[in-house]
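Each chain, letter by letter, is given below.
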Amino acid sequence: MLSFTLSKANDVAGAVNEVTSKKEANFIAGGTNLLDLMKIDVMTPRHLVDITQLALKTIDGNEAGGLRLGALATNAETAYHNEVEKRYPVLSHAILAGASAQLRNMATDGGNLMQRTRCYYFYDLATPCNKREPGSGCSAINGFNRIHAILGQSEACIATHPSDMCVALAALDAKVNVTGKNGDRTIPFLEFHRLPGDKPELDNNLQPDEIITSIDLPANGFADNFAYIKVRDRASYAFALVSVAAALEMEGDTIKEARLALGGVAHKPWRKPEAEANLKDQKATKGNFQKIAEAYLEGAKGYEHNSFKIELAKRAIVRALSQAAHLEEKEQA
Amino acid sequence: MEEQKANKEGQSEQPHNDTRRDFLKQSSLLTALVLTPPTVFNAAAARLDEKVAEKFEKVPVTLEINRVKQKLSVEPRVTLLDLLREQLNLTGTKKGCDYGQCGACTVHVDGVRVNSCLTFAVMLDGKKITTIEGLAEGDELHPMQQAFIKHDGFQCGYCTPGQIMSAVACVREGHANSEAEIREYMSGNICRCGAYPNIVKAIQEVKNGGQKV
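In order, the protein sequence lines correspond to chains W and D. Counting in the working numbering, the first sequence runs from 1 upward without gaps. Counting in the working numbering, the second sequence runs from 1 upward without gaps.
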């Protein structure tokens, strides 16, 4: 690992000031992704601003009647928080589907949003990668691309965002609060991460001077009708090939509102609100769920090793929505 | 509580190639001097020796490791794992993958299990660290250590310190209520020998025995 200097920030303004005044500086909190990237020289900050002392650890009610997750609350603290378990179980389930108990104890909520792709070539300095070295080419398109994107990708990059937590946050329509040199702003969750386009080196729309301070959950947590399904190569401690967060607002058998977010298929958590809208006032049936699955995967493109994800995603969507609507329990009753 | 103020730097030196080591120290010193304000530069120039170089590179940090408070001086890029193994000779904690994928380096920080390979030691100022060496009470093994021996919860033993630290936390967290739950909550600890069935048995025995862990 290259040597670097480290300073501790005492407040948010100080952290922003420190990261912008130092050359090649990065924030560090949990460090669970930054350290491994630094060990192999994929990320080479010369200065780290330790933000773990900032007062951003609390999880509390927000003005919208929802919940505000401090950016430095750990993934474990969030998943096991009473209010999250009770009101936002899809978030709790998604977090616990990711990583290991050790990593969830270390990783913070803000850091979860900022984690980098797990594309093999991004980690391999011996191969071209447009995300790591813009303009060098994409090794994954014609390489081992089993874990790669099928939606929203570009010729420059077919990497996926690896988070489970973010898939649930996308389904819940969370908001990301950030602070920068010019003050505070709020970014709707679907606008936080970005598609690769011709700038795959940018994972998200956070500016270099900005720090995530908290994540706001809206009042409705869809606690009665939700599911998080994660399909992966082993039963635990593996990234998703496909994951689905499903949340429904039901009146009897009728869907009043549907939320559906996919993970493991794109450069960002994947939602298609216009397809979700077609489920409004429809009956919760496998046939209707199949229709939205087809709509979500419209235009999907697979590569040599990941074409299976298209059908897999459709089946996972139907299963997640069926589970959220308690279809199987009702069939058995 | 015993307080050690011994200079740990002396213990940290490994057998090394003097020429390469000297070159690295001198070159990093030069870099430091180039980037240094004139007032500091004068002080540094007056003592052109290794100690000055180290002052530029190292940061003081106080850690309580296995109930012993230690004042240490550590480079920012040193992980907790490397600090334990290379500077403090606490080699019970193992380096498996060094990328947070295997769990061999699991220790407790303020009672919570973490991967020490993904933690910079200088960020832990004031924290309490427990490693496998700190689990036993004198000569009396921790119930989880006894259970691993009884159930043969290992073959080669390399992952075992991490497995045991993780297993203790698993029981304390209340995540050892069934075989399935134990397997899920121990998934961050990989065992190449495949001792998983016996590891699960050991954890179940400790959980069901109701002993204080």
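Treat the hints loosely; a few may be bogus.
Unchecked claim - As a list, the in silico DSS-like pairs of lysine-lysine whose alpha-carbon atoms are at most 27 Å apart:
1. W:K8 - D:K71
2. W:K23 - D:K58
3. W:K22 - D:K128
4. D:K128 - W:K39
If you're looking for bench data, these hints aren't it; they were derived computationally from the structure. Being a predicted model, the structure only gives us computed values, none of them experimental.
Hints versus structure:
no. : hint           : result
1   : W:K8 - D:K71   : holds (19 Å)
2   : W:K23 - D:K58  : holds (20 Å)
3   : W:K22 - D:K128 : violated (31 Å)
4   : D:K128 - W:K39 : holds (25 Å)
Violated hints amount to a single one, hint 3; each of the other numbered hints is respected by the structure.
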